[in-house]
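K.L.:
Residues per chain are reported as follows:
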Amino acid sequence: MATDTDSRPFGLKLAGTGFLVFWSLLALLPLFWIVTMSFKVPLDAFSDNPLQVILGPRTRDLRGGISLSDIVLVGSVLYCLYRVPKALGRRAVHLFSARRLGRIVLLGAYAACLWLLVRGDGAIGFVILGAGIGAGIVWLLGFSDDADDEDGVLGTLISAVIYVAGSLLVLIVLVPAILPSIDAVLGVLPLGELLTRPLLGATAEHYLSVWVERGFYRNFLNTMYVTAGVTAISLTVGTLAGYGLSRSKSTVAFWLLILALVFRSLPHSVLVTGYLPPFIASRDILQPFWDMPVLGWVLGLFSTTPPTLYGQPLAVIAVLVSINQPFTIWMLRSFFQSIPAELDEAARIDGCSDIQAFRRVIMPVMWPGVVTTGLFSFLLAYNDYLICSLLLNSQNQTMVPSITQFFNSETTTTDQVQAVAAAVSITAPLFLLVMAFQKQIVSGLTAGAVKG
Amino acid sequence: MRRKTFWKFVGPSIFLMVLFIALPLCGVFWQSFFLSVPVVEAVEVETCTPGFPSQVCTTVTKSQAVLDEFGRPVENTTFVGLELYRSVVNPEAVREAFASRNPGAILRVDFWRALRFTLTFTFVTLPFVLGLGLAIALAVNNSTQRLRGPVIFVSLLPYIITPVIGGISIYWLFVGDGIVTQLIEGLLDRNVSVMTRGWAVEALMMFYRVWHIAPFAFVIFYAGLQGVNRDTVESAMIDGASRFERLRYVIVPHLMPLIVFVTLIHLMDSYRVFEEIVAFNAQSQRISLQWLTYDFLQPDDSGNRAIGRAAAASMLTMIGIVIIIFPVLRRAWRDHRA
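Chains as they are written, first to last, in the working numbering: chain A, 1 to 452; chain B, 1 to 338.
Since the hints were made in silico from the structure, they are not lab data.
All residues carry an ideal CB built from backbone N, CA and C; glycine is no exception.
Don't take every hint at face value.
Unchecked claim - Sample of chain A residues lacking proximity to chain B, with all beta carbon distances greater than 10 Å (derived):
#1 Leu28
#2 Pro30
#3 Leu386
Unchecked claim - Straight-line C-alpha distance at most 30 Å; calculated DSSO-like pairs for lysine-lysine:
#4 A:Lys249 <-> B:Lys4
#5 A:Lys249 <-> B:Lys62
#6 A:Lys439 <-> A:Lys13
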């Protein structure tokens, strides 16, 4: 419709652009607002005046803030760090993947981790965990590129880990060390005082107290555990089923898909009603299995008594995988259908069995579809409130249900700002996810629609 | 594909769905006819306090749960037929309300209140989601290439964000003296408190849902717009069709399958409305069907969960969802046979 665009009157063009700008503001405003609030002291965060919430004058007086020189310096450092992968990335990957160096560095890092863990340095353990997660994100964000072959993955990962560790070192140690001296130099200059004066009030105290004092990191780890389990299992099971259904035209396959559609539309509370009584009483229900002659001995190796499933993250993973199955099957089936059936026929003529054809021929071209479906499985598990809040107890709670605990205990405005900080903490990974996977999300949303 | 391999591929998935979806459903159906009450016995407890010249003893009759040999409360389960359904639906109140020519009175029963809100919510948000999604899709499709990437990125954020968090972030704009409340107060020049009015909370929840789902409709419609036949549009232009007529007679018919798809997904999802109630803290003003079940499942002060009533409410909720998706199923079956 490119020619159509040119012929449009100016007024309509302006209205269209204006509408898009309005929508973008509407989409961003609530998110922008909670991010702003989370960095202010309560007096500023709940102020009547929007400008005061953004500028945070009381926060600036009480806790300090960010000056123009800070913004410029940190901005330029960040920009340099952003350029590093593009300039050096490929070379670093080659360095680590081409020689044995890669494996040696990895072993060394592993040994260092073990040593730190044995020594029991809790804080350092978390730093390492953070660096690892950060490296994973950077890797996903495009440190790797299309030139990566099978051997390149190790090198890419190692260079990503080193890159993130180096960046953290620069940002946490080097920049705070340099900043005061630069400010001192600027202060001598005539207009320098204007640059170094704090402009925006900001404080990270709410994040610190949420993550460290209130133990939000435990909820974070639980969430990671549950989401990783759900994504991995539902992809494995769903890929098999999706392939089977896409290559079958029988009535059974049709009914299975319709059944999946019905299951997808079920309200989750209906299912939880079904889970709760057996989960709470699971010890009695499972006891006969433990009393069986052979099976009981095998099961006894894992635990001497049958487990109570209520409150177990593993049980929640199984539940979320099953609830997610209908959706996963439908989405993967439409991705498989876009792969021509001639491909597996050709493989079978070359002597592959069905399963070999699936593994050797179909899967290598299916990865984009699997990644996309994995994203949506991740989102389902990450965003779930109802199931986790009913089936997990407070020790094993994930992040999203635990945020309501902040409201239940809300007595002071500080608690409320901490709740805001927790909310922003939950949202931040999703933001990165959209940045890294915009294309896959769009293709996943449209994949279901094309086939209906 | 041979039948045996087909089952090998589909087997694990079916196993999971049967174990964790079909069986619990049967369980819920079964439970909805049985009432479990913890067995309570009356115990006479004698408490003595030292006194002079003799102890002062008082005997109180207390009711306490009977425990079995493992120390767990014994539950007495009886078949009650449709009694649990009756306690949820409360037909006496309905009859009374209609007899007294005041049908609004049935909204005092939680179930009818929840049904009223759920249906209103589902059908009021639908046209807004479709309209806003289509509007954004058309605007993006007609905008310059440079604007498209950022707009798609920004639009995905409300869709991808955790529903509870998204709802809370809008709640914070309005609650107490939030900035939007301030803005309204400035415009109207009087004191406004948005969150104390039921209809305002309801409208906000609908606004949140449109904000959350419209990006989904947008992405789907935008993908559909890429496939509009240029020749048809051009011949419509030659025939003198105005911009609106082209939209009405060429583009919308082309998007019709996608509109049906978005409608179906939206009906299924908003019938399950739940997170909004949590985020807007609205349970005292508005409740939904899924919230009703959730509320029964929450342990009460003595730690009991009203499983039977939750099961009855669940079954009633299921009837609604079957009615909503029945036309789709019938069409799919016809297409399959054709």
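K.L.:
Each hint: holds or not?
P.N.:
Hint check:
Remark: the non-interface label on Leu28 of chain A conflicts with the geometry, its nearest Cβ contact in chain B lying 6 Å away (cut-off 10 Å). Residue-level check failed: Pro30 of chain A sits 4 Å from the nearest beta carbon of chain B, not beyond 10 Å. Non-interface call for Leu386 of chain A relative to chain B: violated, since the shortest CB-CB distance, roughly 6 Å, does not exceed 10 Å. Between the alpha carbons of Lys249 of chain A and Lys4 of chain B the distance comes to roughly 14 Å, so the proposed pair stays at or under 30 Å and holds.
Under the criterion of a C-alpha separation no larger than 30 Å, the hint pairing Lys249 of chain A with Lys62 of chain B is inconsistent with the structure, at around 66 Å. With a CA separation close to 26 Å, the supplied pair Lys439 of chain A and Lys13 of chain A stays within the 30 Å bound.
Figure legend: structure checked against the earlier numbered hints; hints not met, in rising order: 1, 2, 3, 5.
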